[in-house]
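In the order they appear, the protein sequences are chains W and C.
For reference, each letter of the first sequence is one residue, going 700 to 920 in the working numbering.
For reference, each letter of the second sequence is one residue, going 700 to 920 in the working numbering.
I should point out that these hints are in silico values taken from the structure, not numbers from a laboratory.
Don't take every hint at face value.
Just so you know, same-sequence chains aren't split out, so a pair can sit in one copy or run between any two.
Claimed, not checked - Restricting the straight-line Cα-Cα distance to at most 27 Å, the calculated cross-link-like pairs of lysine-lysine (DSSO-like) are:
{"id": "1", "residue 1": "LYS801", "residue 2": "LYS726"}
{"id": "2", "residue 1": "LYS850", "residue 2": "LYS764"}
{"id": "3", "residue 1": "LYS801", "residue 2": "LYS764"}
{"id": "4", "residue 1": "LYS806", "residue 2": "LYS764"}
{"id": "5", "residue 1": "LYS821", "residue 2": "LYS844"}
{"id": "6", "residue 1": "LYS821", "residue 2": "LYS883"}
{"id": "7", "residue 1": "LYS813", "residue 2": "LYS825"}
{"id": "8", "residue 1": "LYS880", "residue 2": "LYS762"}
{"id": "9", "residue 1": "LYS728", "residue 2": "LYS762"}
{"id": "10", "residue 1": "LYS909", "residue 2": "LYS813"}
{"id": "11", "residue 1": "LYS762", "residue 2": "LYS842"}
{"id": "12", "residue 1": "LYS877", "residue 2": "LYS738"}
{"id": "13", "residue 1": "LYS801", "residue 2": "LYS728"}
{"id": "14", "residue 1": "LYS806", "residue 2": "LYS825"}
{"id": "15", "residue 1": "LYS764", "residue 2": "LYS880"}
{"id": "16", "residue 1": "LYS883", "residue 2": "LYS813"}
{"id": "17", "residue 1": "LYS825", "residue 2": "LYS762"}
{"id": "18", "residue 1": "LYS733", "residue 2": "LYS880"}
{"id": "19", "residue 1": "LYS764", "residue 2": "LYS842"}
{"id": "20", "residue 1": "LYS801", "residue 2": "LYS813"}
{"id": "21", "residue 1": "LYS726", "residue 2": "LYS764"}
{"id": "22", "residue 1": "LYS821", "residue 2": "LYS733"}
{"id": "23", "residue 1": "LYS844", "residue 2": "LYS764"}
{"id": "24", "residue 1": "LYS762", "residue 2": "LYS821"}
{"id": "25", "residue 1": "LYS726", "residue 2": "LYS825"}
{"id": "26", "residue 1": "LYS895", "residue 2": "LYS825"}
There are 2 protein chains.
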Amino acid sequence: MAAIEEELTLLGSVGSPFVIKVEIALKLKGIEYKYVEEKLGNLSETLLNYNPIYRMVPVLVHKGKPISESRVILEYIDETWNQNPILSSDPYQRALDRFWSKFIDDKCVVPAAKTIFIPDEKEREKAIEELYEALQFLENELKDKFFGGDKIGFVDIAALFIPLFQEVAEKQLFTSDKFPKLHKWSQDFYNHPVVKETMPSKEQQFAYFKARAASLAAPSK
Amino acid sequence: MAAIEEELTLLGSVGSPFVIKVEIALKLKGIEYKYVEEKLGNLSETLLNYNPIYRMVPVLVHKGKPISESRVILEYIDETWNQNPILSSDPYQRALDRFWSKFIDDKCVVPAAKTIFIPDEKEREKAIEELYEALQFLENELKDKFFGGDKIGFVDIAALFIPLFQEVAEKQLFTSDKFPKLHKWSQDFYNHPVVKETMPSKEQQFAYFKARAASLAAPSK
């Protein structure tokens, strides 16, 4: 049963992987929140006021106080509501959680996005090479059903980019032969009831990536 | 008096700001450790074994277990040894600590390094503009003697890049007129006994940055 938490609002955009990460964390803990949709390219004054530096979703507002940056938000959620922990309780394991989560953002998300957004074939090939190298490290790291063991944790949530980009790339990013453990993980992750409930439709994901590409191509303000 | 901690080794390179961050954290807590010097461009097998992904210092090895990435190491230190906390005890303030620390790494360190390393004048001017915009956010954020209040905390340690780059750039990066609070903070930070004791000499800093530039320019392995 969901705990009712007052004054908790998530500013997001449908299809944004960074927003989905926060939603999964809140739902895993059974925390109710209000969701406010922000339009990419036409963000509200409220959003700009809460996140004047990065001007991006997600922003989580708890009792009037805004928090931005998805990894920072996830740690805040985990420290504020103790049920169903997302990070490990052991300091060394927690360091590894943070290390791999940052690794995924730095070394997987960036080249994966390039494989989709960059038209130049040579650059795209270079990005695929980088992505494969990074995925191989993750493949070797995956020891259990999930990175978090038998349940979804901090690294699993960070890694949602992998099946998501795989969907957007029409399953052309990697094969089950090349990364059998990650392939199996992707299926288990997608079939988790909370993930299933939270993931946007394929159409919504495509629409988001299209809008994001347009917003990246637009002159910065 | 320093607490003696067995089996704690820091792999570093003299002059590396990321290593200095870890050293300041350990010294603020009075933790003794063994220091092993790594040579940029000719890293030891041990280092490559401990940090095969980023192939960089610092690596902290505690009871045989390696931790890399300076922000991850700082959090590990703070969670493992409770004396003289580096991060705030309040979850929201801790979220802000993490936010600003990441902000400094993303938005200050990168353009500040460009102002020093990039020969192209136009690109350098663009980097200075980006850096000033970021420093203005920090200037507005500084409310007390230190970002951590009356004592050095997580954000102060992250921000050591500012006076350090200012030194390397022969005090040409910014003026006290433009950023009076950051200027005052730089002085207070440098005069803190632990920082004073830890900071490398100007010659060591220059030697590090020269080696780093050479290692960045070399073809990647």
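How the hints compare with the structure:
Taking the shortest Cα distances, LYS801 and LYS726 sit within 27 Å of each other both inside one copy (22 Å) and across copies (26 Å). Within a single copy, LYS850 and LYS764 get their C-alpha atoms only as close as 30 Å, which misses the 27 Å cut-off; across copies the closest is 24 Å, which meets it. With identical chains, the CA atoms of LYS801 and LYS764 are at most 27 Å apart both within one copy (25 Å) and between copies (19 Å). Taking the shortest Cα distances, LYS806 and LYS764 sit within 27 Å of each other only across copies (23 Å), while inside one copy they are farther apart (31 Å).
Proximity of LYS821 to LYS844 under the C-alpha cut-off of 27 Å is found in neither arrangement, the shortest distances being 36 Å within a copy and 51 Å between copies. For the homomeric pair LYS821 and LYS883, neither the shortest alpha-carbon distance inside one copy (30 Å) nor that between copies (49 Å) is at most 27 Å. For the identical chains of this complex, LYS813 and LYS825 are neighbours both inside a copy (9 Å) and across copies (24 Å), given an alpha-carbon limit of 27 Å. Taking the shortest alpha-carbon separations for LYS880 and LYS762, neither the intra-copy value of 41 Å nor the inter-copy value of 30 Å comes in at or below 27 Å.
With identical chains, the CA atoms of LYS728 and LYS762 are at most 27 Å apart within one copy only, with a shortest distance of 18 Å there and 33 Å across copies. For the identical chains of this complex, LYS909 and LYS813 are intra-copy neighbours only, at 13 Å inside a copy versus 31 Å across copies, given an alpha-carbon limit of 27 Å. Taking the shortest alpha-carbon separations for LYS762 and LYS842, only the inter-copy value of 22 Å comes in at or below 27 Å, while the best intra-copy value is 39 Å. In this homomeric assembly, LYS877 and LYS738 never come within 27 Å of each other (Cα to Cα): the closest approach is 37 Å inside a single copy and 36 Å across copies.
Taking identical chains as interchangeable, the C-alpha atoms of LYS801 and LYS728 lie at most 27 Å apart whether they share a chain (22 Å) or sit on different chains (26 Å). Taking identical chains as interchangeable, the C-alpha atoms of LYS806 and LYS825 lie at most 27 Å apart whether they share a chain (13 Å) or sit on different chains (26 Å). In this homomeric assembly, LYS764 and LYS880 come within 27 Å of each other (Cα to Cα) only across copies, at 25 Å, whereas the closest approach inside a single copy is 40 Å. Only within a single protomer do LYS883 and LYS813 lie at most 27 Å apart by alpha-carbon distance; the minimum there is 24 Å, versus 42 Å between protomers.
Taking identical chains as interchangeable, the C-alpha atoms of LYS825 and LYS762 are never at most 27 Å apart, the minima being 45 Å within one chain and 38 Å between chains. Taking the shortest alpha-carbon separations for LYS733 and LYS880, neither the intra-copy value of 36 Å nor the inter-copy value of 38 Å comes in at or below 27 Å. For the identical chains of this complex, LYS764 and LYS842 are inter-copy neighbours only, at 18 Å across copies versus 38 Å inside a copy, given an alpha-carbon limit of 27 Å. In this assembly of identical chains, LYS801 and LYS813 lie within 27 Å of each other by CA distance both inside one copy and across copies; the values are 18 Å within and 23 Å between.
For the identical chains of this complex, LYS726 and LYS764 are intra-copy neighbours only, at 20 Å inside a copy versus 33 Å across copies, given an alpha-carbon limit of 27 Å. Taking the shortest alpha-carbon separations for LYS821 and LYS733, neither the intra-copy value of 44 Å nor the inter-copy value of 46 Å comes in at or below 27 Å. When the C-alpha separation of LYS844 and LYS764 is checked against a cutoff of 27 Å, the pair qualifies only between copies, where the shortest distance is 24 Å, while the shortest distance within a copy is 36 Å. Taking the shortest alpha-carbon separations for LYS762 and LYS821, neither the intra-copy value of 49 Å nor the inter-copy value of 45 Å comes in at or below 27 Å.
For a Cα distance limit of 27 Å, the shortest separation of LYS726 from LYS825 qualifies neither inside one copy, at 37 Å, nor across copies, at 42 Å. Taking the shortest Cα distances, LYS895 and LYS825 never come within 27 Å of each other, neither inside one copy (32 Å) nor across copies (44 Å).
Hint compliance for this structure: hints 5, 6, 8, 12, 17, 18, 22, 24, 25 and 26 are broken, all remaining hints hold.
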